[in-house]
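**Q** For the protein sequence lines, the chains are W and C, in the order given.
At position 175 of the first sequence the residue is numbered 175 (our numbering), and the sequence of numbers has no breaks.
At position 210 of the second sequence the residue is numbered 210 (our numbering), and the sequence of numbers has no breaks.
Because the hints were derived from the structure by calculation, they are not lab data.
We put the beta carbon where it would ideally sit given N, CA and C, even for glycine.
Be careful, since some hints might not be right.
Every beta carbon over 10 Å from chain W, so not counted as near; a handful from chain C, in silico [stated by the list, open to error]:
id, residue
1, ALA8
2, ARG26
3, LYS131
4, ARG149
5, GLN202
6, HIS255
7, GLU289
8, GLY340
9, GLY373
10, TYR405
11, ILE415
Examples of chain C residues toward chain W, derived with CB under 8 Å [said to hold, decoys possible]:
id, residue
12, GLY41
13, PRO61
14, GLU234
15, THR237
16, THR239
17, TRP403
For each label pair, taking beta carbons as the anchor points, the in silico distance ranges come out as [as the list claims (entries may be wrong)]:
id, chain 1, residue 1, chain 2, residue 2, range
18, C, GLY191, W, LEU9, 41 to 51 Å
19, C, TRP406, W, TYR408, 52 to 62 Å
20, C, HIS230, W, ASP154, 54 to 64 Å
21, C, PRO298, W, ASN190, 35 to 45 Å
22, W, GLN250, C, GLN74, 41 to 51 Å
23, W, PHE386, C, TRP406, 45 to 55 Å
24, C, ALA383, W, ILE389, 26 to 36 Å
2 protein chains.
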Amino acid sequence: MNDVSDVALPHVVIIGGGFAGLWAARALSDAPVRITMLDRGNHHLFQPLLYQVATAGLSAPDIAAPLRQILRRQENVTVLMEEVDAIDPAARRVTLTDGRHIDFDYALLATGATHAYFGHDEWAEHAPGLKSLDDALDIRRRILSAFERAEATDDLDERKALLTFAIVGGGPTGVELAGTMAEIARHTLNGEFRHIDPAHSQVMLLEAGPRVLSSFDPDLSEKARLQLEHLGVEVLTGTPVASIDGKGVQVGERHIPARTVLWAAGVAASPLARTLGVPLDRAGRVSVESDLAVPGHPHVFVAGDLASVQSDGRPVPGVAPAAKQMGRHVADTIRARLAGQPATHFRYRDFGNLATIGRMAAVVQVGRWKLSGALAWWFWLWAHVFFLIGFRNRLVVMLNWTWAYWTYQRAARIILGKDPEAGR
Amino acid sequence: MNDVSDVALPHVVIIGGGFAGLWAARALSDAPVRITMLDRGNHHLFQPLLYQVATAGLSAPDIAAPLRQILRRQENVTVLMEEVDAIDPAARRVTLTDGRHIDFDYALLATGATHAYFGHDEWAEHAPGLKSLDDALDIRRRILSAFERAEATDDLDERKALLTFAIVGGGPTGVELAGTMAEIARHTLNGEFRHIDPAHSQVMLLEAGPRVLSSFDPDLSEKARLQLEHLGVEVLTGTPVASIDGKGVQVGERHIPARTVLWAAGVAASPLARTLGVPLDRAGRVSVESDLAVPGHPHVFVAGDLASVQSDGRPVPGVAPAAKQMGRHVADTIRARLAGQPATHFRYRDFGNLATIGRMAAVVQVGRWKLSGALAWWFWLWAHVFFLIGFRNRLVVMLNWTWAYWTYQRAARIILGKDPEAGR
Chain W
1 MNDVSDVALP HVVIIGGGFA GLWAARALSD APVRITMLDR GNHHLFQPLL YQVATAGLSA
61 PDIAAPLRQI LRRQENVTVL MEEVDAIDPA ARRVTLTDGR HIDFDYALLA TGATHAYFGH
121 DEWAEHAPGL KSLDDALDIR RRILSAFERA EATDDLDERK ALLTFAIVGG GPTGVELAGT
181 MAEIARHTLN GEFRHIDPAH SQVMLLEAGP RVLSSFDPDL SEKARLQLEH LGVEVLTGTP
241 VASIDGKGVQ VGERHIPART VLWAAGVAAS PLARTLGVPL DRAGRVSVES DLAVPGHPHV
301 FVAGDLASVQ SDGRPVPGVA PAAKQMGRHV ADTIRARLAG QPATHFRYRD FGNLATIGRM
361 AAVVQVGRWK LSGALAWWFW LWAHVFFLIG FRNRLVVMLN WTWAYWTYQR AARIILGKDP
421 EAGR
Chain C
1 MNDVSDVALP HVVIIGGGFA GLWAARALSD APVRITMLDR GNHHLFQPLL YQVATAGLSA
61 PDIAAPLRQI LRRQENVTVL MEEVDAIDPA ARRVTLTDGR HIDFDYALLA TGATHAYFGH
121 DEWAEHAPGL KSLDDALDIR RRILSAFERA EATDDLDERK ALLTFAIVGG GPTGVELAGT
181 MAEIARHTLN GEFRHIDPAH SQVMLLEAGP RVLSSFDPDL SEKARLQLEH LGVEVLTGTP
241 VASIDGKGVQ VGERHIPART VLWAAGVAAS PLARTLGVPL DRAGRVSVES DLAVPGHPHV
301 FVAGDLASVQ SDGRPVPGVA PAAKQMGRHV ADTIRARLAG QPATHFRYRD FGNLATIGRM
361 AAVVQVGRWK LSGALAWWFW LWAHVFFLIG FRNRLVVMLN WTWAYWTYQR AARIILGKDP
421 EAGR
């Protein structure tokens, strides 16, 4: 047994095993510290492919790996599946939800973001968001069950509402979900039903702002819209949602009857940030110092989606590469402090912006270099599979995608868990 | 749209998309009937590999496929995801749980078995059984969470109880679970924990009768026991369980503290059989006529684990090959009835008995021909992968197993869903 808690080395507590937390832990592998990695789940999740689990293309284990398996050879890390209730940066103490404490010398808070309903939490049960594997399986169940119920009902209005899928939010996740939904309806389910034609389903993407994928240049947004429409998605921009209930979505004067509504519109920072006792920005994120430390608490850092920081005068986006870079920077800062050296400013290195839309449809922007369509899709595909953790996962994902590509079949069309509306 | 319900052909309703129901539907592909296949799930499940999902070796979608995808080309079948509440064999009517009715000319009831706790339903929450994918994911969560909690606790008694896994029932499922659990503890998790050594876990197989795998000859039972012990399982025979609670298992005077107890001891027929209004055997199964019809109701059939029938003077076992043969026989009988020909007796063709125990450990009995150890394991592996539905599934399962074989890693070690005891 290698009980790192016995060693008299500085104790680094990392909260959250996402990109920021995991990359920080790895970058500290040969540092003179003992690390405790806390996560409420047992796995690191490759979030960029989460929409594929939601849309039945991949299995949950294809895009996740146990944190302790990833870190097994790094002997200075102890992984604990625990949920954190609060962090006291002055006392340098973390409190777990069961009341136990863990003291630290340095802490990294990297618990990311969750979905936010802009003060309308009552929408949550009707319009699930996509952040965890459980969210993805919930969405998968709703999508597949809607087609099953449409086949079973004789009520034509109900059938139409069951075959209407409204996705709220035209960012990368909303675009991915809408494009894939359209492919499922038009191709995957073709010929499998006797009373309905899934190709007559309506997939609607509702965006409050003037264009989809607003983090890209306007011409790429326009190309994304055209690609979505080509796949069969109805794209509505400038349509903020007024309300969502079990019957559908209200946009302005128009009510869209839709039994399946998916939420890809708002994210809010993890509520753990509030326990730090420092000012937060409007999205609930911690405005950190340039070395990613919490203002007034140089031993406590925030990285990933939970951190609000500027680089070269521009806000760092909430994407995986930024989270990894921040994680590594925190590791460097801790190392520097231990060596009595000054900390450096975090600088975000922007490798470009990618968004996938559907089969052979994507947009890519790297500086002034832009790409859309099939070539962009291949670029996106290889970039994502390459970054998946684990050789086996890469192989399985490629196999599933090759299969899906040639057959239009999706490998994971299995409804798991109880349908909350099964009683109807 | 091909609405088979409009066609004026005899209507065959098949309840349950397991081996019996699916094989019956396929065998009726060119018969002059219209078929409605009802299942409360959306998938056919390859039950023989369910223990691999429970023990994190395979993903749920690896061993399941949507019923409507399997049957997409068979135009005389409508698949509906519906739960059946009752069957009235005299009125030839099926009632769904939402109150709607479906009338039939012929019906096949093939809803199989569920786990039974011999009148101790209060054991269910502490000792889950393994029949569905949701059961498997629940068991997976319990097993993986037990190791996580053992790592996190400082209470040595609690840690020992968390690292004790008791499997109740020494039939094929109990043996598979125990053997695989031992492999996980000894090999898969090796080196991943800092406070515990998973290899010190205790895996116990508790069998009430005098030997494990009692459907095999005694010498093979003995070989199975030796192989289990070699893998690190403690096999206790002649030890009926007196009680199970959240603390552990009571066997005779002995209390075994175990936080994870799995139930593989008893099955009971699906409760739908009770609605037929005919006498049932002790296990709740329907004692059918020799043509598999319900006594007094020649238009209603029972097949698979729910049917009690003799062949050559011996009871037909509740195994997948028997269910497939019964399903096909019911199809033949319906065909004969429609043609005005006499029905034939069902005869079970016994292809032998296989049980897997763990890595390179299995027993096989085909008539007088017996095999155990590595060769039996290879035989079992190929037989099972060969019978998996779908080329993709076979490929993915082989890939996962090849990976697992060389690395001892299991591909699906992801905890999904809320842990019911997460609050502790």
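**Q** Of the hints stated earlier, which fail here?
**A** Numbers 4, 11, 14, 15, 16, 18, 19 and 23, in rising order.
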